[in-house]
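Using the hints, position chain B against chain A.
Sequence lines, in order, name chains A and B.
The numbering of the first sequence is this note's numbering, which starts it at 1 and goes up by one.
The numbering of the second sequence is this note's numbering, which starts it at 1 and goes up by one.
Derived from the structure by calculation, the hints contain no laboratory data.
Note that the Cβ used here is the ideal one computed from N, Cα and C, for glycine as well.
Some hints here could point you the wrong way.
Within a straight-line C-alpha distance of at most 27 Å, the following computed DSS-like cross-link-like pairs (lysine-lysine) qualify [as the list claims (entries may be wrong)]:
1. 33(A) / 207(A)
2. 190(B) / 33(B)
3. 33(A) / 184(B)
4. 207(B) / 190(A)
5. 33(A) / 207(B)
6. 190(A) / 190(B)
7. 190(A) / 33(A)
8. 207(B) / 184(A)
9. 33(B) / 207(A)
10. 207(B) / 207(A)
11. 190(B) / 207(A)
12. 207(A) / 190(A)
13. 190(B) / 207(B)
14. 184(B) / 33(B)
15. 33(B) / 33(A)
Beta-carbon label-pair distances, calculated as ranges [claimed, not checked]:
16. 193(B) / 200(A): 33 to 41 Å
17. 194(B) / 48(A): 14 to 22 Å
18. 134(A) / 63(B): 47 to 55 Å
19. 26(A) / 8(B): 25 to 33 Å
20. 79(A) / 113(B): 34 to 42 Å
21. 76(B) / 71(A): 36 to 44 Å
22. 86(B) / 8(A): 57 to 65 Å
23. 59(B) / 159(A): 42 to 50 Å
There are 2 protein chains.
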Amino acid sequence: MILTVVSGWRGLLAVAGLSLTVEGLYYLIRYLKRFRERRPQVLFFPAPVTCVRPLLLSSPGHCSCSLSHRESALSCLTRLLLSARRSLDVCVFTISSVELSNSVLAVHGRGVRVRVITDSDYMALAGSQVGAFRRAGIEVRHDQDANYMHHKFAVIDGLILITGSLNWSAQGIFGNKENVIIIKNTDVVKAFIEEFERLWNEYDPSKYSFSPKS
Amino acid sequence: MILTVVSGWRGLLAVAGLSLTVEGLYYLIRYLKRFRERRPQVLFFPAPVTCVRPLLLSSPGHCSCSLSHRESALSCLTRLLLSARRSLDVCVFTISSVELSNSVLAVHGRGVRVRVITDSDYMALAGSQVGAFRRAGIEVRHDQDANYMHHKFAVIDGLILITGSLNWSAQGIFGNKENVIIIKNTDVVKAFIEEFERLWNEYDPSKYSFSPKS
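This is chain A alone, in the form it adopts within the complex (with noise of 0.2 Å):
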């Protein structure tokens, strides 16, 4: 019925032209879903004092703590920390708050590669969770000069970049006011997991040369 009706090249031409509308308006709508869900989310802080044990458990379960459990910038955070499979890279100037080393160690117990760099001078402060981290065998890197390793950022699954102003710590969470932008765009992330590997590659320990003091 349809090959009688549009018989002739003018038909054909027809046809065509229509499927070629149809279809690219089909890859735009996809093409413009896709851009809507990988634009960058914000997240701003201090954030309200909530629990978010319950995002750690392995299995859903209930925590019976006097504190909020209700969504947060820090559920979002650690949420986004836990969501990752295959490799969580974290290049955090100040490492303190446990929340979020908590959501570490647990990606890392799930048996995600889990890397770590941070700064000399902050990881050897009261609070430092580097400790618990190279206790648990999470690998840690860290600067070799006097200024700081003061990038706060990291890639999940090298797909997902959480960069911004807040450095890992309680009163970076809780108290100061921080940013922090979520972002996929492909370029973007791929410029943060060179400088994730110039920098992992630049602290390799099997570099250090140590000359014994006189």
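What follows is chain B alone, placed relative to chain A:
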């Protein structure tokens, strides 16, 4: 001639279909081009020590100092700040970089509306450029509590967001491992404008209440 060839409903359908395809493709290409221009840009620090003085001259000029004048992450940041035509909103924990504060002063000197939010503790330290801003007539507001106003962002003309880990200090620019992302995504820029306006309002000095010390 065309009208003769495409006579009949199938011909009209063909023309309609093809013109829709061409128009759809035109808009798709235009959209993708605009999207490409709007994709985020990333700068990593430390930057090489370069002189950006020529960028600050009102007419193209030459600097005979011994420093390099080549392009760098600092010159990119300087150009961006200097591109402000209508407004420059700066919300940065530390502002002690002479290079970046000279850019802010130059923008203010051209009659652009400049507003600065910073942290009360760090604005009092030696090297802070807040005094120079205030002497030039730039309004500076700051937090009022023990926590930090730890953001490190600026919005240019309400259109371009500069944000990241970088404090506007010489150590941040020339010493530390830092990052800055330049974002033009409307939703993200809007979120940071709203955060700026919220803090600008919260830190309005006319709202302070000072109790005389007993």
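Hint check results:
1. A hinted pair counts as satisfied when its Cα atoms are at most 27 Å apart, and residue 33(A) with residue 207(A) does not qualify at roughly 46 Å.
2. The hinted pair formed by residue 190(B) and residue 33(B) meets the criterion: a straight-line CA distance of about 22 Å does not exceed 27 Å.
3. Under the criterion of a C-alpha separation no larger than 27 Å, the hint pairing residue 33(A) with residue 184(B) is consistent with the structure, at around 19 Å.
4. Only pairs whose Cα atoms come within 27 Å are accepted, and residue 207(B) paired with residue 190(A) is rejected, the gap being roughly 45 Å.
5. Note on residue 33(A) and residue 207(B): the hinted pairing is violated, with a Cα-Cα distance of about 45 Å set against a maximum of 27 Å.
6. Taking the CA atoms of residue 190(A) and residue 190(B), the gap is near 25 Å; set against the 27 Å cutoff, the hint holds.
7. Between residue 190(A) and residue 33(A), the direct Cα distance comes to roughly 22 Å. Compliance with the 27 Å bound is thereby established for this hinted pair.
8. As the CA atoms of residue 207(B) and residue 184(A) are separated by approximately 40 Å, the hinted pair breaks the 27 Å bound.
9. Of the supplied pair hints, the one linking residue 33(B) and residue 207(A) is violated, its CA atoms being roughly 45 Å apart against a limit of 27 Å.
10. Annotation: proposed proximity of residue 207(B) to residue 207(A) is violated, straight-line Cα distance about 56 Å (limit 27 Å).
11. With a CA separation close to 45 Å, the supplied pair residue 190(B) and residue 207(A) exceeds the 27 Å bound.
12. For the suggested pair residue 207(A) and residue 190(A), the alpha carbons sit about 25 Å apart, so the restraint of at most 27 Å is met.
13. Proposed proximity of residue 190(B) and residue 207(B) is supported: the alpha carbons are some 25 Å apart, at most 27 Å.
14. Distance restraint check for residue 184(B) and residue 33(B): the Cα-Cα separation of roughly 14 Å lies within the 27 Å cut-off, and the hinted pair is therefore satisfied.
15. The straight-line distance between the Cα atoms of residue 33(B) and residue 33(A) is roughly 18 Å, inside the 27 Å bound, and the hint therefore holds.
16. Evaluation of the 33 to 41 Å hint for residue 193(B) and residue 200(A) yields a pass: the beta carbon distance comes to about 36 Å.
17. A hinted range of 14 to 22 Å holds for the C-beta pair residue 194(B) and residue 48(A), which are about 18 Å apart.
18. With their beta carbons about 49 Å apart, residue 134(A) and residue 63(B) fall inside the hinted range of 47 to 55 Å.
19. About 28 Å separates the C-beta atoms of residue 26(A) and residue 8(B), a value consistent with the hinted range of 25 to 33 Å.
20. Residue 79(A) and residue 113(B) have their C-beta atoms about 39 Å apart, which keeps the hinted 34 to 42 Å range intact.
21. At roughly 37 Å, the beta carbons of residue 76(B) and residue 71(A) sit within the given window of 36 to 44 Å.
22. At roughly 59 Å, the beta-carbon separation of residue 86(B) and residue 8(A) lies within the given 57 to 65 Å, and the hint holds.
23. For residue 59(B) and residue 159(A), the Cβ-Cβ distance of about 47 Å falls inside the hinted range of 42 to 50 Å, so the restraint holds.
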